[in-house]
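Novice: Chain by chain, the residues:
Protein chains: 2
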Amino acid sequence: MPVELFHPPLDAVELDAVYAALADRHRRAAVVRLARTPQAEVPCAALDLPGAKSTRSYHWKVLREAGLVLQRSSGTGMLLRLRPDFDRRFPGLLDNLLALTDGQ
Amino acid sequence: MPVELFHPPLDAVELDAVYAALADRHRRAAVVRLARTPQAEVPCAALDLPGAKSTRSYHWKVLREAGLVLQRSSGTGMLLRLRPDFDRRFPGLLDNLLALTDGQ
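Order-wise, the sequence lines are chains A and B.
Counting in my numbering, the first sequence runs from 846 upward without gaps.
Counting in my numbering, the second sequence runs from 846 upward without gaps.
Fair warning: there could be bad hints in the mix.
[Stated by the list, open to error] Just a sample of chain B residues kept apart from chain A, beta carbon distances all over 10 Å, derived:
| id | residue |
| --- | --- |
| 1 | Glu849 |
| 2 | Pro853 |
| 3 | Asp861 |
| 4 | Ala862 |
| 5 | Ala868 |
| 6 | Val887 |
| 7 | Leu894 |
| 8 | Lys906 |
| 9 | Arg917 |
| 10 | Ser918 |
| 11 | Leu924 |
| 12 | Pro936 |
| 13 | Asn941 |
[Said to hold, decoys possible] Cβ-Cβ distance ranges computed for the label pairs, FRET-style:
| id | chain 1 | residue 1 | chain 2 | residue 2 | range |
| --- | --- | --- | --- | --- | --- |
| 14 | A | Glu886 | B | Asp861 | 26 to 32 Å |
| 15 | A | Pro888 | B | Thr946 | 44 to 50 Å |
| 16 | A | Gly922 | B | Ser919 | 29 to 35 Å |
| 17 | B | Arg933 | A | Ala897 | 34 to 40 Å |
| 18 | A | His871 | B | Gly937 | 45 to 51 Å |
| 19 | B | Pro853 | A | Ala897 | 47 to 53 Å |
[As the list claims (entries may be wrong)] Below, a list of computed lysine to aspartate or glutamate pairs in the DMTMM-like style, where the Cα atoms sit at most 20 Å apart:
| id | chain 1 | residue 1 | chain 2 | residue 2 |
| --- | --- | --- | --- | --- |
| 20 | B | Lys906 | B | Asp947 |
| 21 | B | Lys906 | A | Asp932 |
| 22 | A | Lys906 | B | Asp861 |
No wet-lab data here; the hints were simulated from the structure.
Keep in mind that this is a model prediction, so the values were computed, not measured.
For every residue, glycine included, the Cβ atom is placed at its ideal position computed from N, Cα and C.
Looking at chain A on its own, in the form it has when it is part of the complex:
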């Protein structure tokens, strides 16, 4: 049976956790990649995150609990996509991140 992972309700998503999640360049790169194809589900393994498996799992958990991504298990792996309601909670934040990332 697939593991049901915790996702916070939208109104419990807070800027403290969002900015903290984005303060890591690897997590930020993953969010940027997901935000560029917001409808697409991407295997976690396809997102280029360094470190041991436990480290990568931790990064996904931080992003999920910050309300930035949806994560579900699929077969032996995990799939991630951008959380579609995030922009409603914090409008423009991800657009700004994308613009900053394009500019660098």
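Please build the complex by placing chain B on the supplied structure of chain A, with the hints as guidance.
Specialist: Here is chain B on its own, set in the frame of chain A:
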């Protein structure tokens, strides 16, 4: 003699440090206040930051080293203002923060 505090050169200001600095609601509130009157120098004591003096000093250091504020000593206290070149480094980031804060 006034203490000269370290301020990173603009091109050494990184998103990791900026987002980490903004991940604390008290630091974020101070930045929002400074960003609303970007030309004004504000005494640190006037910015409503809880905690012991050493804790407050730590918060100012985090904001200064993240490139968000300029800090200088004046008499027996410290003055802070928004770093005027920050928006050149990360255009729109603070505008977005202000918009999000207005909306809450």
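Novice: Give a verdict on every hint.
Specialist: Structure-based check of all given hints:
1. Glu849: Holds: least Cβ distance 28 Å, greater than 10 Å.
2. Pro853: Proline 853 (chain B) is indeed farther than 10 Å from all Cβ atoms of chain A, at 16 Å.
3. Asp861: violated, 5 Å
4. Ala862: The assertion about alanine 862 (chain B) is violated, with a minimum of 8 Å to chain A.
5. Ala868: The assertion about alanine 868 (chain B) is violated, with a minimum of 4 Å to chain A.
6. Val887: holds, 22 Å
7. Leu894: Label holds. Min Cβ-Cβ 15 Å, cutoff 10 Å.
8. Lys906: holds, 16 Å
9. Arg917: The assertion about arginine 917 (chain B) holds, with a minimum of 26 Å to chain A.
10. Ser918: holds, 29 Å
11. Leu924: holds, 25 Å
12. Pro936: violated, 7 Å
13. Asn941: violated, 5 Å
14. A:Glu886 with B:Asp861: 26 to 32 Å: holds, 27 Å
15. A:Pro888 with B:Thr946: 44 to 50 Å: violated, 36 Å
16. A:Gly922 with B:Ser919: 29 to 35 Å: violated, 57 Å
17. B:Arg933 with A:Ala897: 34 to 40 Å: Given about 38 Å between the Cβ atoms, the range holds.
18. A:His871 with B:Gly937: 45 to 51 Å: Given a distance of about 23 Å, which is not inside 45 to 51 Å, the answer is violated.
19. B:Pro853 with A:Ala897: 47 to 53 Å: Once the Cβ atoms are compared, 32 Å apart, the range 47 to 53 Å for alanine 897 (chain A) and proline 853 (chain B) is violated.
20. B:Lys906 with B:Asp947: violated, 26 Å
21. B:Lys906 with A:Asp932: Not OK: lysine 906 (chain B) and aspartate 932 (chain A) at ~31 Å, beyond 20 Å, violated.
22. A:Lys906 with B:Asp861: holds, 18 Å
Violated hints, listed in ascending order, are 3, 4, 5, 12, 13, 15, 16, 18, 19, 20, 21; each of the other numbered hints is respected by the structure.
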